[in-house]
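> Using the sequences provided together with the hints, build the complete structure.
There are 2 protein chains.
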Amino acid sequence: MTITITAFEKSPDGGKGLARDMRVRWALEEVNQPYQVRPVSFQAMKKPAHLGIQPFGQIPTYEEGDLVLFESGAIVLHIAGCHPGLLPTDANARARAIAWMFAALGTIEPPIFELATAKFLEVEKPWSKERLPLIQDRIRNRLKQLSAWLGGTDWLDGPFSAGDLMMVHVLQRLKPSGLLDEFRNLADYVARGEARPAYKRAFAAQLAANSPARNARA
Amino acid sequence: MTITITAFEKSPDGGKGLARDMRVRWALEEVNQPYQVRPVSFQAMKKPAHLGIQPFGQIPTYEEGDLVLFESGAIVLHIAGCHPGLLPTDANARARAIAWMFAALGTIEPPIFELATAKFLEVEKPWSKERLPLIQDRIRNRLKQLSAWLGGTDWLDGPFSAGDLMMVHVLQRLKPSGLLDEFRNLADYVARGEARPAYKRAFAAQLAANSPARNARA
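Here the protein sequences line up with chains A and B, keeping their order. Numbered continuously in full-length UniProt numbering, the first sequence closes out at residue 218. Numbered continuously in full-length UniProt numbering, the second sequence closes out at residue 218.
Keep in mind that a hint or two might mislead.
No copy is singled out in the list; a pair is fine if it fits within one copy or between any two copies.
Derived SDA-like pairs: lysine to any residue, alpha-carbon spacing no greater than 20 Å straight-line [claimed, not checked]:
#1 K125 with I135
#2 K144 with A49
#3 K119 with I139
#4 K46 with A148
#5 K47 with L143
#6 K144 with G52
Rather than coming from a laboratory, the hints here were simulated on the basis of the structure.
Here it is in structure tokens:
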């Protein structure tokens, strides 16, 4: 069955790979599944047709036959459940890899996203400059714990898994802040994820979709 | 095998059921599995013994034989995968119920938690009063979309599932803000969750563990 995902018609990051379709593209590349992309404009994302498959007007979505999914975590977990390569076969190890997916999305991403919100949505507010260090310290606290856990190992819990895929993508958003570079093993961890052939193919695909030439044609 | 979970020795909410062990207790009650609780003090949560099973120094954790899990989402998903009652058997419906778990934790909870952070950690800051309406509007925006999706149905996607369990618990934190009451169907949805016998048993258990008599003995 053909897999179709949605992505921004024009990603706000211009192709840096930070949009959440990147996670799904990367997962599909890791398990060698072809897919089609349906670009969605910001206007179309808030219209009933898209809200019917993504209640919060976001991307990505995932369609495969009768299945319509939303939430990048759920989509990646579904892909990982259907094809070998992203989750261990041992039941306990599998549950732990899934725990790292939830940790990436529920524990690490929220303060990182709060920094993005503060920088983009509240940058003109009088408190913006004074408040940033508070958020940065919340992120630093989490990174310190994550760095201590990772130690000198390559991945979070055994071989590379969907948990690492999610965590690497979540951490990438921190690059411009300099916070990631405060933790050498985390910066190396992200670099290890980015060095994977599947990551590179996924990154190239989203970049091509956001290239100026492509958008000029659109 | 005996199931052991961790919970706050003294919950910051004094037994209102907002701590994340409530989700796990509720899930275990839904599938009729007995469990033991190991209370953890704030001091012990930041020590190596606990960090070895919960890298971010939080509760709950879940231990069952050789399996050690963290992240309430992963724990509830594991419970739902091992016992009937929290996920549909149809594969596509199951994937969608899991999508709602991720939506609760990744899309709905972060702005709600940001409100809690603003009220508790930043309440003394000069921007506190002016900033609250911005966060409330972000929450309102998500509730509006969630309310539109739910419409007049009882649960988010077919019968009650682990997705509803997570969403109800995430929304409960909004009660004192009054935001939930702006959306009648969401307030009713939360009340429907709270009316479930399994919820009531779980709530009573965490309340008993946080009662003054219990803490006086501790």
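> Using 20 Å as the alpha carbon limit, work out where K46 and A148 are close: within a copy, between copies, both or neither.
Between. Shortest inter-copy distance 13 Å satisfies the 20 Å Cα cut-off; intra-copy 41 Å does not.
> My question is about K47 and L143: at a cut-off of 20 Å on alpha-carbon distance, are they close within one copy, between copies, both, or neither?
Between copies, since 17 Å is at most 20 Å while 38 Å is not.
> Is it within, between, both or neither when you check K144 against G52 at 20 Å Cα-Cα?
between (40 Å within a copy, 14 Å between copies)
> What label fits K125 with I135 when the C-alpha limit is 20 Å: within, between, both, or neither?
both (15 Å within a copy, 13 Å between copies)
> At most 20 Å between C-alpha atoms: does K144 with A49 qualify within a copy, between copies, both, or neither?
between (43 Å within a copy, 17 Å between copies)
> Is it within a copy, between copies, both, or neither that the alpha carbon of K119 lies no farther than 20 Å from that of I139?
For K119 and I139, both the intra-copy (14 Å) and inter-copy (19 Å) Cα distances are at most 20 Å.
This entry satisfies every hint, going by the numbered hints stated previously.
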